[in-house]
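J.: Listed below are the residues making up each chain.
2 protein chains.
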Amino acid sequence: MQATEVPTDIPRYMADLGRRARAASRVMAEAETGHKNTALAAIAEVILDQRRELSEANRVDLDAGRARGLDEAMLDRLTLNDARIEAMAEGCRQVAALPDPVGVITDLAYRPSGIQVGRMRVPLGVIGIIYESRPNVTIDAAVLCLKSGNATILRGGSEAAHSNRALAGIIQAGLVAAGLPRDAVQIVATTDREAVGELLRMERDVDVIVPRGGKGLIERVSRESRVPVIKHLDGVCHVYLDARADADKAFAVAVNAKTQRYGTCNTMETLLVHTSRAGELLPRVAAALEQHGVELRGCESTRALLPGIGAATEDDWYAEYLAPVLAIRVVDSLEAAMDHINAYGSQHTDSIVTEDWSAARRFLRAVDSSSVMVNASTRFADGFEYGLGAEIGISTDKLHARGPVGLEGLTTQKFVVLGDGHVRT
Amino acid sequence: MQATEVPTDIPRYMADLGRRARAASRVMAEAETGHKNTALAAIAEVILDQRRELSEANRVDLDAGRARGLDEAMLDRLTLNDARIEAMAEGCRQVAALPDPVGVITDLAYRPSGIQVGRMRVPLGVIGIIYESRPNVTIDAAVLCLKSGNATILRGGSEAAHSNRALAGIIQAGLVAAGLPRDAVQIVATTDREAVGELLRMERDVDVIVPRGGKGLIERVSRESRVPVIKHLDGVCHVYLDARADADKAFAVAVNAKTQRYGTCNTMETLLVHTSRAGELLPRVAAALEQHGVELRGCESTRALLPGIGAATEDDWYAEYLAPVLAIRVVDSLEAAMDHINAYGSQHTDSIVTEDWSAARRFLRAVDSSSVMVNASTRFADGFEYGLGAEIGISTDKLHARGPVGLEGLTTQKFVVLGDGHVRT
Chain A
1 MQATEVPTDI
11 PRYMADLGRR
21 ARAASRVMAE
31 AETGHKNTAL
41 AAIAEVILDQ
51 RRELSEANRV
61 DLDAGRARGL
71 DEAMLDRLTL
81 NDARIEAMAE
91 GCRQVAALPD
101 PVGVITDLAY
111 RPSGIQVGRM
121 RVPLGVIGII
131 YESRPNVTID
141 AAVLCLKSGN
151 ATILRGGSEA
161 AHSNRALAGI
171 IQAGLVAAGL
181 PRDAVQIVAT
191 TDREAVGELL
201 RMERDVDVIV
211 PRGGKGLIER
221 VSRESRVPVI
231 KHLDGVCHVY
241 LDARADADKA
251 FAVAVNAKTQ
261 RYGTCNTMET
271 LLVHTSRAGE
281 LLPRVAAALE
291 QHGVELRGCE
301 STRALLPGIG
311 AATEDDWYAE
321 YLAPVLAIRV
331 VDSLEAAMDH
341 INAYGSQHTD
351 SIVTEDWSAA
361 RRFLRAVDSS
371 SVMVNASTRF
381 ADGFEYGLGA
391 EIGISTDKLH
401 ARGPVGLEGL
411 TTQKFVVLGD
421 GHVRT
Chain B
1001 MQATEVPTDI
1011 PRYMADLGRR
1021 ARAASRVMAE
1031 AETGHKNTAL
1041 AAIAEVILDQ
1051 RRELSEANRV
1061 DLDAGRARGL
1071 DEAMLDRLTL
1081 NDARIEAMAE
1091 GCRQVAALPD
1101 PVGVITDLAY
1111 RPSGIQVGRM
1121 RVPLGVIGII
1131 YESRPNVTID
1141 AAVLCLKSGN
1151 ATILRGGSEA
1161 AHSNRALAGI
1171 IQAGLVAAGL
1181 PRDAVQIVAT
1191 TDREAVGELL
1201 RMERDVDVIV
1211 PRGGKGLIER
1221 VSRESRVPVI
1231 KHLDGVCHVY
1241 LDARADADKA
1251 FAVAVNAKTQ
1261 RYGTCNTMET
1271 LLVHTSRAGE
1281 LLPRVAAALE
1291 QHGVELRGCE
1301 STRALLPGIG
1311 AATEDDWYAE
1321 YLAPVLAIRV
1331 VDSLEAAMDH
1341 INAYGSQHTD
1351 SIVTEDWSAA
1361 RRFLRAVDSS
1371 SVMVNASTRF
1381 ADGFEYGLGA
1391 EIGISTDKLH
1401 ARGPVGLEGL
1411 TTQKFVVLGD
1421 GHVRT
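The listed protein sequences correspond, in order, to chains A and B. Each residue of the first sequence is one higher than the last, beginning at 1 in this note's numbering. Each residue of the second sequence is one higher than the last, beginning at 1001 in this note's numbering.
It is worth saying that the hints were derived from the structure and are not from the lab. Treat the hints with caution; some may be incorrect.
Capping the alpha-carbon separation at 16 angstroms, the derived lysine to aspartate or glutamate pairs in EDC-like fashion look like this [claimed, not checked]: (1) A/249 x B/1420; (2) A/215 x A/280; (3) B/1231 x A/203; (4) B/1249 x A/420; (5) B/1231 x B/1132; (6) A/249 x A/203; (7) A/231 x B/1203.
Note that the structure is predicted; figures quoted are calculated from it, not measured.
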């Protein structure tokens, strides 16, 4: 089937896509690192070579988007300008430079029976990526899956259909140039929503679904999928300024965690302050935040110290604003701060600012979030900052992958057992 | 609520159980290894001290079971005799002796930004165990969850209700003796099926469900659960006798993999033999298996070599007999053997018998099963044999835990970030 043909029998089309992906995944699982890196380098080259064709495909999407009245933010996310095209190519090269996790054997040891037992890291198999408007996800996700030895089925948003098709063509050209199966990265060539429903039911041929997009998408996928999902829900992140916080660190971390970027999941949404330090720390932090244009909403004690700010309601403690808004609460103790985080947080990223050894040690152990920090901005919760090289997302699940998901999160481990005719007695 | 009261408002009762478990899980997550080990030792002691009360509770179940016409195999599984009671106590002591995975920090390293990033192993939180008749699962599962710092909600089969209640009392006595929360191990005090439905929907207060029992139970749990499930489905395990198999090892491994025990998931269900060796190897293996009373079903080529055996149908290649029955197929190549395993197997445990280095290396990498073996009996796929100390089950899932699941599989990892007022620029 040509990429430009639009399939009509969707269940059959998707089943075929799944079978091809499964077959390709068997080849990819055995592909040598050198071949995968050659493919990644080839993809980077083709991206740059076909920069003009890519821009033209993108222009078709942008024109259609404008005609349909997409807002400026949406159009911006949809745009593939020169800088973004170069960043995609650079991303491929960076992933090529990462160590290959596949095939690594750990803990291989002799057991009393005489067998050797260890674990080998292996690809998950077939990964379905469901994403919304940003077409660069097509490259970012595909290359991470490729390097980790998986086959990928990509389902992008309808607004980016032409851009995505052009990008899929580029990826497949790179795969073929390196002698790897073209079907290792396939794009769903229909924007029909039925195709997503099918993908979520393909338990036999799809091993995991990674949804990337807004809350609506992720909730639909989690609810409907019979395939396991690696998902990222809310980031309701906290910074707690402890009784023994250093004032300058408290100021730096609180302001950075809120203002360095507003729309990211690792941005602080609620600031907690120990009652013994609120009078000293809050006015200075609040002044800086208000200078950045951040709207503050506080508890009673906070409002007594910062007259004029709005009142935080119960809803505010649960809110992921993704905007220049911050909830502030004064707490009586470390215990109360952790209780607040456990009750209202989303188990994403939480940080304590303190010079108190025992408080830090306690917070690190007891706070049940994917990233727990001491004296550091929540904005550090990120695959690049953590040294994973790149991330396909940040998981808020507890099972399998938790926190930023890099190449390792796209793999699993199997046991290997080596013997010499050993039998169990 | 007393353990002997039977709850009437099931949703409310289960919600209460969940809240208590969540609260207990926070304490357990911070519990020191020494305290957990003290609790395990106390449980072992109470088991032995209350051996008579336990036998009496068990007798009530056995009498009821006989009255309800349970078959001998069911009654046997239900029985807590002296040997089994001692084995439960010994199991507690063995788990106490295992290293505690909780709190272990790995890969802590400085990043270019100056922060330190590492991973800390932490409990999953609250684990729901749903199991069938064998009451010793109550102890086995509870102590593994306890050592790994989780809180547990146990839902056993109605046939073992009295035994399970007695065991839960023993566990709680041990917890309290060690100063740990009684609610860290709770038993669902109703055999109403509605309680299971509730448990599977308690996403907020239950982090993972582990079903242990027959296929019907596991399929129901997988289908209905909104909580992630660590599940164990079929074990359709293969042994492949390669073109370059050593004849004696082939004989030993094939006979052991089938006959060492019939009812276990790691028992071989299909034997694959390279066509060049079938004439030499099959008659000897078949003779030994028939002496053990194993019924053989073969492909055309097999039947030509072993006249008188039944024909294997397509269904046989998919079958998990759990009985003295074996399907045999002659294949043309290593490739054909792996294709058969990937097409019909259940990705549980598969073994190649060969002296051929490249064939072994290829099989280890390419076969997509939770345990892949060379020259070893599939019967080794087991938590004790692998050195995990004990297992809560064998996962046939790819995500999170794959293969035998020990203490580590009941934990997850979070990122820890240590700074000194570091902010992101």
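J.: Against the 16 angstroms threshold, does the CA-CA distance of residue 249 of chain A and residue 1420 of chain B hold or violate the hint?
T.: holds, 7 angstroms
J.: Given the hinted pair residue 231 of chain A and residue 1203 of chain B, is their Cα-Cα distance within 16 angstroms?
T.: Holds: residue 231 of chain A and residue 1203 of chain B sit about 15 angstroms apart, inside 16 angstroms.
J.: With a cut-off of 16 angstroms on the C-alpha distance, tell me whether residue 249 of chain A and residue 203 of chain A pass.
T.: violated, 49 angstroms
J.: Has the given pair, residue 1231 of chain B with residue 1132 of chain B, been kept, meaning a C-alpha gap of at most 16 angstroms?
T.: Holds, at about 14 angstroms.
J.: For residue 215 of chain A and residue 280 of chain A, compute the direct alpha-carbon distance and say whether it is at most 16 angstroms.
T.: violated, 38 angstroms
J.: CA of residue 1249 of chain B to CA of residue 420 of chain A, is that 16 angstroms or under?
T.: Distance ~7 angstroms between residue 1249 of chain B and residue 420 of chain A Cα, so the pair holds.
J.: Regarding the pair residue 1231 of chain B and residue 203 of chain A, is the alpha-carbon distance no greater than 16 angstroms?
T.: Holds - the C-alpha atoms of residue 203 of chain A and residue 1231 of chain B are around 15 angstroms apart, at most 16 angstroms.
Consistency with the previously given hints fails for numbers 2 and 6, ordered from lowest to highest.
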